[in-house]
Amino acid sequence: MSEAPAPPRTSREERVLEIIETARAKRARFRDARITLAHGAGGKATQTLIEGLLVPAFATTGDGVLAQLADAGAIRAGGEGGINLAMTSDSFVVKPLLFPGGSIGELAVNGTVNDLAMSGARPQALTVSMILEEGLESGVLKREVEAIARAAIAAGVEIVGGDTKVVERGAADQMYLCTTGIGVVDPRARLSTDGIRPGDRVLVSGPIGEHGTAIMLARNQFDLDAEIDSDTQSLWPAVDALLDATGESLHCLRDATRGGVASVLNELARASGVSIVVDEANVPVSPIVAAAAELLGIDPMYVANEGRLVAFVAPEHAPAALRALQRTPGSEQAAEIGAVRADPPGMVMVATAFGGRRVMDQLVGDPLPRIC
Amino acid sequence: MKYVDEYRDAELGRALAGQILAEAEPGRHYKLMEVCGGHTHSIYKYGIDDLLPSNVELVHGPGCPVCVIPMGRVDDGIAVAHSPTHPIFTCFGDMLRVPGSEQTLLDAKAEGADVRMVYSPLDALRIARENPDREVVFFAIGFETTAPSTALTLKRAKAEGQTNFSCVCNHVTIVPPLRALLESPDLRLDGFIGPGHVCTVVGARPFDFIPAEYGRPVVISGFEPLDILQSILMILRQLREGRCEVENEYKRVVPQDGNLRALEVMSEVFALRPHFEWRGLGFISQSALRLSDAYADFDAERRFATPNVRVADPKACQCGEVLKGVIKPWECKVFGTACTPEHAIGTCMVSPEGACAAYYNFGRYQRQREAV
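Chains as they are written, first to last, in my numbering: chain P, 92 to 463; chain S, 5 to 376.
Hints were generated in silico from the structure; no laboratory data involved.
Lysine to aspartate or glutamate pairs mimicking EDC-like chemistry, simulated, CA-CA at most 20 Å apart:
{"id": "1", "chain 1": "S", "residue 1": "Lys49", "chain 2": "P", "residue 2": "Asp370"}
{"id": "2", "chain 1": "S", "residue 1": "Lys332", "chain 2": "P", "residue 2": "Glu105"}
{"id": "3", "chain 1": "S", "residue 1": "Lys337", "chain 2": "P", "residue 2": "Glu109"}
Please model the complete structure; the sequences and the hints are all you need to start from.
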């Protein structure tokens with residue numbers, strides 16, 4: 092039996108830890124032979140693709156806007172005395188096209204305006220391009236075009252252009268949408284990916300994981316029935332309210348889409364060189380999402396949202412920010428879920444509802460159900 | 005969630021942690037192995053080791069069915085998926101990213117193989133019914149926990165006369181690897197947290213040999229955090245009182261004799277393999293199941309050509325010693341250099357919950373915590 096106390100740490104262990112840290116600090120390299128679904132899931136594999144292939148290739152074209160890796164790129168129009176614009180593009184390949192609480196058309200508008208809103212920009216205009224599969228029923232197309240129009244009116248943006256392509260049957264799955272969005276950066280906004288400071292509070296604008304859960308159930312893969320609607324909505328009203336309540340104390344915003352809240356927090360902890368501590372008991376999760384996640388062996392923190400933002404606010408303004416969110420329709424159940432610390436940098440920690448602590452790591456690809 | 009939340013009560017958890025602290029003798033270091041990967045997951049998810057005194061250490065055992073599949077078997081599965089007849093290849097989600105010698109099933113899917121994730125073997129059988137002109141293969145993995153559902157599915161397939169359905173059987177049994185671990189002269193374990201799910205099928209009796217022949221206590225445990233803390237307390241109490249027996253903490257689910265009907269179906273559908281290779285542990289005799297002769301028609305290993313080539317664990321890999329608690333992950337020769345989570349060599353690095361992967365990702369943080 093092992094009666095001796097734990098052995099003291101040795102210089103060898105220290106050396107091994109240093110080797111690991113050096114390896115992790117290196118820029119991600121894209122070395123995969125083929126693209127797999129993991130590259131599109133928003134986790135580590137996506138990050139390798141962006142940081143290892145796209146940024147190095149495109150960064151040479153300008154002066155570092157891309158390297159910020161924000162949801163939308165900032166452009167200055169008109170030189171001195173001009174205005175600050177935000178520009179973004181997005182594509183939508185959701186299956187099924189129609190799901191409880193929304194459809195691909197509505198998602199395309201909301202997803203695009205939300206990327207603009209996260210840069211502190213009031214959405215102004217969109218273009219929408221459609222890739223249609225030969226044989227698509229006109230009724231489906233009409234339904235989605237109307238959904239796009241309705242969502243644009245609701246979000247207060249104008250559709251100013253677009254494009255249509257039809258590909259052979261089998262070359263696409265019914266319809267894909269690609270958008271470009273442009274907005275005017277609000278003068279109150281001082282947001283940046285690396286603007287998060289120790290002490291900041293972390294707010295989430297409502298119950299998490301509803302969009303991803305609604306999609307998973309709508310695919311009928313699991314023989315599970317539950318009444319859960321996607322959370323897809325424009326987040327500009329929430330951002331507007333936050334800017335009103337906190338102004339420059341609002342340090343950073345992200346919409347927690349692919350990869351969920353966990354992936355956003357990991358990305359930002361790395362970008363700002365801080366540690367984020369999440370208080371699990373305070374994270375709003377609806378009972379249905381919690382039950383579905385429990386059955387499927389998935390953590391709701393990694394499940395996609397389409398109408399939820401994560402906000403980092405200076406501590407003295409956090410209560411006002413929370414009240415502002417809770418007064419905004421669609422964000423009534425906003426909550427403060429954590430705080431920013433200095434150490435350990437780049438890591439997201441969870442204080443579990445049970446009273447323990449753990450690291451909330453980035454996923455490699457999609458969350459895969461566990462067998463045991 | 006009723007009947008679940010009761011076992012996640014933080015206050016009761018703190019009380020149990022206090023009792024564990026009182027039960028552990030200061031100056032003695034305890035190493036307890038949780039045999040089952042499901043326990044490892046709970047321990048990680050709820051941050052249970054954070055609640056334990058520093059001289060009570062949990063060692064992750066060989067009970068993660070995904071981690072113990074040797075590379076040669078993954079290669080065989082991938083070969084079946086790539087067969088010229090283009091079968092539909094189904095498996096559980098967490099199998100998709102396990103590396104074979106050259107690729108994973110996700111890579112095979114990217115190359116055009118029809119690989120689909122299922123939640124149950126019954127889903128695979130349904131796919132077979134819906135695609136009568138395609139071969140449908142189920143890649144069966146898991147301990148006695150999942151083997152009965154594979155057995156029932158095959159029974160149903162046979163009754164229905166389903167001719168396009170077959171199964172690559174990788175089911176393993178838990179007792180032989182435990183015996184192999186216990187046989188090793190350099191073992192450093194003081195007690196075992198018994199695999200609750202396996203015991204619902206096989207009962208408690210198969211574990212009697214551990215106290216009787218090897219003098220180590222076993223407590224069969226449920227999977228909620230209070231179950232695990234209670235089981236740790238029961239083991240420490242046995243050690244202090246000088247008792248050594250199999251106790252059942254999971255009485256609400258585990259009957260003393262197991263599930264006789266499940267065992268009956270298993271003995272009809274399966275037969276013992278003379279030996280089977282375990283990643284990190286080598287060949288263990290009578291440790292795995294194949295399809296019985298009565299079910300030979302459903303055996304994918306007979307229907308498809310597979311390379312059936314053994315891919316040896318790299319010589320430098322020391323997973324076996326890590327599993328036995330003989331060395332720490334960082335003491336392994338290839339840890340952090342040739343063997344990383346992105347390019348795992350050994351079983352302990354394959355799953356994010358494996359001992360080496362956990363140390364690779366969080367080692368520095370664990371050290372800081374211990375220093376506090």
